[in-house]
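Novice: This is what each chain is made of:
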Amino acid sequence: MSASQPTVVVPADAGLLPGKRVRLGDPVPMRLDSGAELGPFEVAYQTYGTLNADKSNAILICHALTGDHFVAETHPITGKPGWWEMLVGPGRPVDTDRYFVICSNVLGGCLGSSGPKDIDPATGQPYGLSFPVITIGDMVRAQKLLVEHLGIEKLFCVVGGSMGGMQVLQWAVAYPESVFAACPIATAARHSAQNIAFHEVGRQAIMADPNWRGGNYLLEATRPEAGLAVARMAAHITYLSQTALHRKFGRNLQDRKAFTYGFDADFQVESYLRYQGAAFVERFDANSYLYITRAMDYFDLAADAGGLLADAFRPGGKTTPVRFCLASFTSDWLFPTSESRAIVHALNAVAANVSFVEIETDKGHDAFLLDEPEFHQVIHGFLEGCAEHRGLTVRRRAR
Amino acid sequence: MDIRDDLKLIAEMVQPNSRVLDVGCGDGALLDYLRHTKSVDGRGIELSMDGVRQCVAHGLSVIQGDAETDLKDYPADAFDYVILGQTLQAMRNPREVLDLMCRIGRRAIVSVPNFGYWRIRLQLLATGRMPVTEKLGYQWWETPNIHFCTLRDFVVLTEEMGIRIEQARILDRAGRVTGRAHSGFANLLGEQGVFLLKRD
Chain A
1 MSASQPTVVV PADAGLLPGK RVRLGDPVPM RLDSGAELGP FEVAYQTYGT LNADKSNAIL
61 ICHALTGDHF VAETHPITGK PGWWEMLVGP GRPVDTDRYF VICSNVLGGC LGSSGPKDID
121 PATGQPYGLS FPVITIGDMV RAQKLLVEHL GIEKLFCVVG GSMGGMQVLQ WAVAYPESVF
181 AACPIATAAR HSAQNIAFHE VGRQAIMADP NWRGGNYLLE ATRPEAGLAV ARMAAHITYL
241 SQTALHRKFG RNLQDRKAFT YGFDADFQVE SYLRYQGAAF VERFDANSYL YITRAMDYFD
301 LAADAGGLLA DAFRPGGKTT PVRFCLASFT SDWLFPTSES RAIVHALNAV AANVSFVEIE
361 TDKGHDAFLL DEPEFHQVIH GFLEGCAEHR GLTVRRRAR
Chain B
1001 MDIRDDLKLI AEMVQPNSRV LDVGCGDGAL LDYLRHTKSV DGRGIELSMD GVRQCVAHGL
1061 SVIQGDAETD LKDYPADAFD YVILGQTLQA MRNPREVLDL MCRIGRRAIV SVPNFGYWRI
1121 RLQLLATGRM PVTEKLGYQW WETPNIHFCT LRDFVVLTEE MGIRIEQARI LDRAGRVTGR
1181 AHSGFANLLG EQGVFLLKRD
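Residue numbers (the numbering used here), protein chains in the order written: chain A, 1 to 399; chain B, 1001 to 1200.
Isolated chain B (complex conformation) (with noise of 0.2 Å):
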């Protein structure tokens, strides 16, 4: 089975046996890797009917719903890990959501795209226009990534809601692991950041 990179990397933050939400889980593809691969209770919130109804053909528990307005019904610590993969920036409030996130799971998992990765940095200063690039590929009028922000900004959040950092990974552009920690390079060369959250 393959799945995208930083799927592949939330998968190996998820203990076998758990209860896993994964919020905004798409067609299913990460569920589907945690249960044939960690044997996860797995359950899904999708907003499209379509990937909703791709999850639900091929066996998996998911509702159509929406993040912003579903993960408030659970009850705190409903699941051990509550995923988010590259939608928090997508999100109306991020920090509701993450407060929510860490609430009813007892752990997060987020990824989030880097908006200080040093391509996008170059883009803005020698285009002076808002940054396109392969990953984020919107102009800015249509793009649904609402709330970008650097991983530098990210960890600056989880500090300020009192979320601890239990594990970082940093990827590049080809989807390799490039650090393990936060730093001023990994915030300058990472393209993206997969982080393990625990509420202090």
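Just chain A, with the same shape it has in the complex (with noise of 0.2 Å):
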């Protein structure tokens, strides 16, 4: 992984993917936080499920940093089963027999929506860094003009985890009477300081990578892959547990009985680090993730409404109609219980209609992607709840 391959392996032509595609801004561009307008721009999306007749049975599933739209079925690159499949699907929490599950991947990714390694219709040639830069505002601005070409005008519920669970927020204060439900988890309200540091680790790491050509790569017939791996490598580590690690490799060495008093992958933990390291540039592209990682940094929602975060559940002077349900993951340190706990203390100061419970589980940040029966039981539970509330034909269970 260390050197560049002769010949360029683009990740994904989006255009031989499955999923859907729709063009936005068009006529009219899209105004982006930065000032900057964008348009007209590419949304990928997939869809499960049925739209019901007045279409109140729309629930948007929002991806992490490094995830696209493919929630529910075999990914087409890495042939693994959908990154949430435990949680969406038929008879699943998220149950696509019941409602119409939409996935779009985020504006600045790289399967399929605009993004840097995209043709700037301007040039002729890959954007790179001249991409606009991109913040999780502009990404559910995006989303919500993909949900009013689906001619939905209230989604049901709005999901997603990590950054998923930062555009959640954002849905929800953006347009509160757009979204009747909304399930944040393992997110919070604002980067912090040392979420910021990591990703800059991450981003310092692509760019001190030669092959990275400040940004040009894809002009210069190269790419950035070792520099793309230790990003990878290091923001894996953050989504992990001690515990978890420690379980899973402890010190045991890989494939040998001995040091090897030389600079190889002695131990298996590190052998691990590398393969998910490689395994990732397989498929994600290096502009991009430093423009989503990028937003996520930016992301404040107390800042945009003015420095309290209670006032950004307050719309007009009202209390948020939203109906919110947040979880957390006690073994997770990235985004920990606490930024959970500030964002339900502004919803009470508000008396919103909240719910959230700290799952216990020592697989770090990585837990809500995970088989972890107590926190499906409560987004099922939720779902179920306000599924009665917004009229939707429910079976209710005997207690």
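Hints listed in this document are in silico derivations from the structure and should not be mistaken for laboratory results. If you're wondering where the values come from, they're calculated on a predicted model, not measured in any experiment. One or more hints might be untrue.
To be verified - Rough simulated footprint, nothing fancy, chain B against chain A, three-plus residues with beta-carbon under 8 Å:
1. 351–360
2. 374–382
Claimed, not checked - Between beta-carbon pairs, the in silico distance windows are:
3. HIS149(A) / MET1161(B): 38 to 48 Å
4. ASP1002(B) / LYS154(A): 29 to 39 Å
5. LYS154(A) / GLN1015(B): 27 to 37 Å
6. SER1048(B) / LYS154(A): 30 to 40 Å
7. GLY250(A) / GLY1175(B): 51 to 61 Å
8. THR243(A) / PRO1144(B): 39 to 49 Å
9. TRP333(A) / ASP1050(B): 46 to 56 Å
10. PRO27(A) / SER1048(B): 47 to 57 Å
11. LYS318(A) / ARG1095(B): 29 to 39 Å
Said to hold, decoys possible - Derived coverage of chain B by chain A (criterion: at least 3 residues anywhere in the stretch with Cβ under 8 Å from a Cβ of chain A; other residues may be distant):
12. 1051–1065
13. 1072–1083
Heads up, the beta-carbon is just placed ideally off N, CA and C, and yes, glycines get one too.
Both chains are sitting in their own frames, so use the hints and assemble them into the complex.
Specialist: Listed below in structure tokens is the structure:
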């Protein structure tokens, strides 16, 4: 993974991937938080289930930093199960037999939605760093256009973890009348200094790779694979807990019985991280990684609301009508429970309708993507309760 | 639907279609009962993850939290009723909790076990040891109930705090209502009291 390949593999040709695509911001471009205008642009998305007659059963799933819209199906590039198949699918807590599930690749992404690796119509060359800087607000703006394009006035629920949770919060704050319920999972109302710091390490790793070429690697037929892999390795550590890492690898050696007294991957944990890095560069674009991490860094709901988080949930001086369900995980140190609690406190301060549970697990931040039955029960129950209030037909189970 | 006697009495004090916060809502039995029998807009706070999970999994709006740290977040008069069932005596600062309840709710409903109940008095008198009863079945060194009071004590505290008792229900050991006002007899014969409170 250290040497660049002579032939350049672009992560994925979006045109060849399954799923749907729509051109938005046309003819009127979308105004971004930076002040720049973007349009027309593409949004790649996938849907599961059927939209009901009054279009009241749509659930939008928002993906995390390196996720994509293949939430509930085998991934076309990696061949792995959909990233949230445990939560989304027929008979799952987000039941695609009952709900119409939408998931789109974020703006700035690299799996079909417009991002830095796409061709700038103005120059005929890949955008690279000339792609405008995107915020969480911009991602959500694009999703709103997509949802409108699908003819949906009000989403039944928006669900997402980590960066996806930031988008959920942004939806609830920016479009409170267009969201009935919201599930921000393992997330925060602003990116912490520590998390910005980790992102900066990742970005510097990419930019320090000589093959990054000031962001013009596509033009120069090279790829900063080593830098992107290191970025992924560093980030991957933050997704796990110390306990989980130790349980998985301990100090075990990789395919050997003794140290080599060198810098090969002696330890299993090193080998694992190297593998994670190498696998990641197969499916992700380095500039996209810069853009999306930046979007998370800029996220601060309270600042946008004038400094007080509670004010974000008081549109027009009234309590937000959105029903919230938050969940955090005990061993998550990237988005610790205190971050979720800060959101709960702000929601309580406006007497909003909110549920919150901290799930006991040692799996770290990644827990939201893993088999956590208690977490899944909570999401299921919350959606059932909301469906009842929303008047979606439900068979109520006896208590 | 069947729920505990004191919870049923609490439920009787709640007007239909009101906004209710149940503090220490456990598995959500009262909230669920109120939702179905009185169509209330109910919320809960519960300390245990298990309780919260059960509540949310049943479609109730409940947050995991601690009454003594989280009640202060709510704005004044956020609820029509703030309910505290059988847990005032477990609070570090019951007076402050009572004060917060009466601030964030237009009314508060509190049920308290009566340490002046005759069986408890008799146990202390006869055995000289801390009373352990069916409903308060802890030894002194393990009990979460760190601030016991008698019904008389409770009434005196409300007077001191300028809180009006709008309704009172005194329950005997079988959970039957034996009185509708506080008195010396009630303090002796009641095993617990349920009070509807309002800030003056």
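Novice: A separate judgement is required for each hint: does it hold in the structure or not?
Specialist: Do the hints match the structure? See the list:
1. 351–360: It holds: at least three residues are needed, and the segment 351–360 of chain A offers 9 whose Cβ sits within less than 8 Å of chain B.
2. 374–382: holds (count 6)
3. HIS149(A) / MET1161(B): 38 to 48 Å: Violated - the Cβ-Cβ distance for HIS149(A) and MET1161(B), about 58 Å, lies outside 38 to 48 Å.
4. ASP1002(B) / LYS154(A): 29 to 39 Å: Given about 38 Å between the Cβ atoms, the range holds.
5. LYS154(A) / GLN1015(B): 27 to 37 Å: For LYS154(A) and GLN1015(B) the Cβ distance comes to about 31 Å; the hint holds.
6. SER1048(B) / LYS154(A): 30 to 40 Å: Given a distance of about 35 Å, which is inside 30 to 40 Å, the answer is holds.
7. GLY250(A) / GLY1175(B): 51 to 61 Å: 56 Å, holds
8. THR243(A) / PRO1144(B): 39 to 49 Å: Violated - the Cβ-Cβ distance for THR243(A) and PRO1144(B), about 29 Å, lies outside 39 to 49 Å.
9. TRP333(A) / ASP1050(B): 46 to 56 Å: 23 Å, violated
10. PRO27(A) / SER1048(B): 47 to 57 Å: 56 Å, holds
11. LYS318(A) / ARG1095(B): 29 to 39 Å: The hinted range 29 to 39 Å holds for LYS318(A) and ARG1095(B), with Cβ atoms some 33 Å apart.
12. 1051–1065: holds (count 13)
13. 1072–1083: holds (count 5)
Comparing the model with each numbered hint stated earlier shows that hints 3, 8 and 9 do not hold.
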